[in-house]
Amino acid sequence: MIRITTNHLSLQEVMRELEDDSAGALSIFMGNVRNRGRFGNVSEIYYEAYSEMAEEKMREIENEAQTKWAIKKLVTIHRIGNLKVGETSIIIGVSSEHRHEAFEACKYIINNVKTRVPIWKKEITEESQKWTDGILLE
Amino acid sequence: MRSNVSDNNKIKVRLYAVLRELVGEREITITVPGGVTVSYLNNEILKKYPQLKSFSNKFVTSVNCRVTTGDTIITSSDEIALLPPVSGG
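Sequences listed follow chains H and U, in order. Using my numbering, the first residue of the first sequence is number 11, and each one after it goes up by one. Using my numbering, the first residue of the second sequence is number 3, and each one after it goes up by one.
A few of these clues could be false.
Claimed, not checked - Examples of chain U residues toward chain H, derived with CB under 10 Å:
id : residue
1  : Y18
2  : V34
3  : N59
4  : F61
5  : V62
6  : R68
7  : L85
8  : P86
9  : G91
Claimed, not checked - Derived list of chain H stretches under chain U, where covered just means 3 residues or more per stretch with a C-beta under 8 Å from a C-beta of chain U:
id : segment
10 : 105-119
11 : 122-135
12 : 138-144
Hints listed in this document are in silico derivations from the structure and should not be mistaken for laboratory results. These numbers were taken from a predicted model, which means no experiment stands behind them. For glycine and all other residues, C-beta sits at the position ideal for the given N, C-alpha and C.
The shape of chain H in the complex, shown without the other chains (with noise of 0.2 Å):
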């Protein structure tokens, strides 16, 4: 599953999501707003995506994790719009037989997501609102 939404993020739905039973182990990682930022304290942070174009590439990302792994179910969600502290930004979530697959996978499609997926963020503080810097797509 893969998805973009303006809408709190919910756990239990990507639980469900992941459930096989032929799969023995779940891995899930969660993306929090944390009150420290680079520009100060954050009260919040403002998250804007090209939405076609990110769908997309998160697709062909857990396209290939299931080519280097074998996968059970995959979940990556991404939230935009204005995020408060403590608030969740992304779940991705993958379910396998074993362990190994499912942290390996979990860990390749956050570290990909971060630096293929056109979507950016700004941090608001007290005093500033700032587009944090990023990395150039390819």
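With the hints as your guide, set chain U onto chain H.
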């Protein structure tokens, strides 16, 4: 018969993040001759929106959701976007 090369095309270009804020629009329209490249389009954009000049080496251009090189030929039916460095997650 008229050649495509002599026809003007209205190219719609989506802008994101810092580029969208600098221009104040989510989408701009640039008129270019038919058969031009991404490089040509980008030069026209920078002429029309000089506030983007300091970012000229800090964005890439996507055509139909794929990052392109400057010599890619564009048409008015292509979905084009300027993408600054990404920072999701």
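Against chain H, run the beta carbon of U:L85 and see if the smallest gap drops under 10 Å.
-> holds (5 Å)
Can we keep the U:N59 interface hint, with Cβ of chain H closer than 10 Å?
-> holds (9 Å)
With a C-beta cutoff of 8 Å, work out whether three or more residues of the segment 138-144 of chain H approach chain U closely enough for the coverage to hold.
-> holds (count 4)
Hint check, U:P86 versus chain H [nearest Cβ-Cβ separation less than 10 Å] = Cβ of U:P86 sits 7 Å from chain H, so the hint holds.
Does U:F61 pass the interface check with chain H, least Cβ-Cβ distance below 10 Å?
-> holds (8 Å)
Quick check: the segment 105-119 of chain H, covered by chain U? Criterion 3+ residues, Cβ under 8 Å.
-> With 0 residues in contact (Cβ-Cβ under 8 Å with chain U), the coverage given for the segment 105-119 of chain H is violated.
Taking the closest Cβ pair, is U:R68 under 10 Å from chain H?
-> Cβ of U:R68 sits 8 Å from chain H, so the hint holds.
Status of the hint placing U:V62 at chain H (closest C-beta pair under 10 Å) = Holds. Min distance 5 Å.
Satisfaction of the U:Y18 interface hint, Cβ to chain H closer than 10 Å | Since chain H brings a Cβ to about 6 Å from U:Y18, closer than 10 Å, the hint holds.
Three-residue Cβ test at 8 Å for the coverage of the segment 122-135 of chain H by chain U = With 10 residues in contact (Cβ-Cβ under 8 Å with chain U), the coverage given for the segment 122-135 of chain H holds.
Chain H contact restraint for U:G91 - C-beta distance below 10 Å = Hint holds; U:G91 Cβ to chain H Cβ min 4 Å, cut 10 Å.
Taking 10 Å as the limit, does the beta-carbon of U:V34 come near enough to a beta-carbon in chain H?
-> Violated, about 22 Å.
Consistency note: the structure conflicts with the earlier hints numbered 2, 10.
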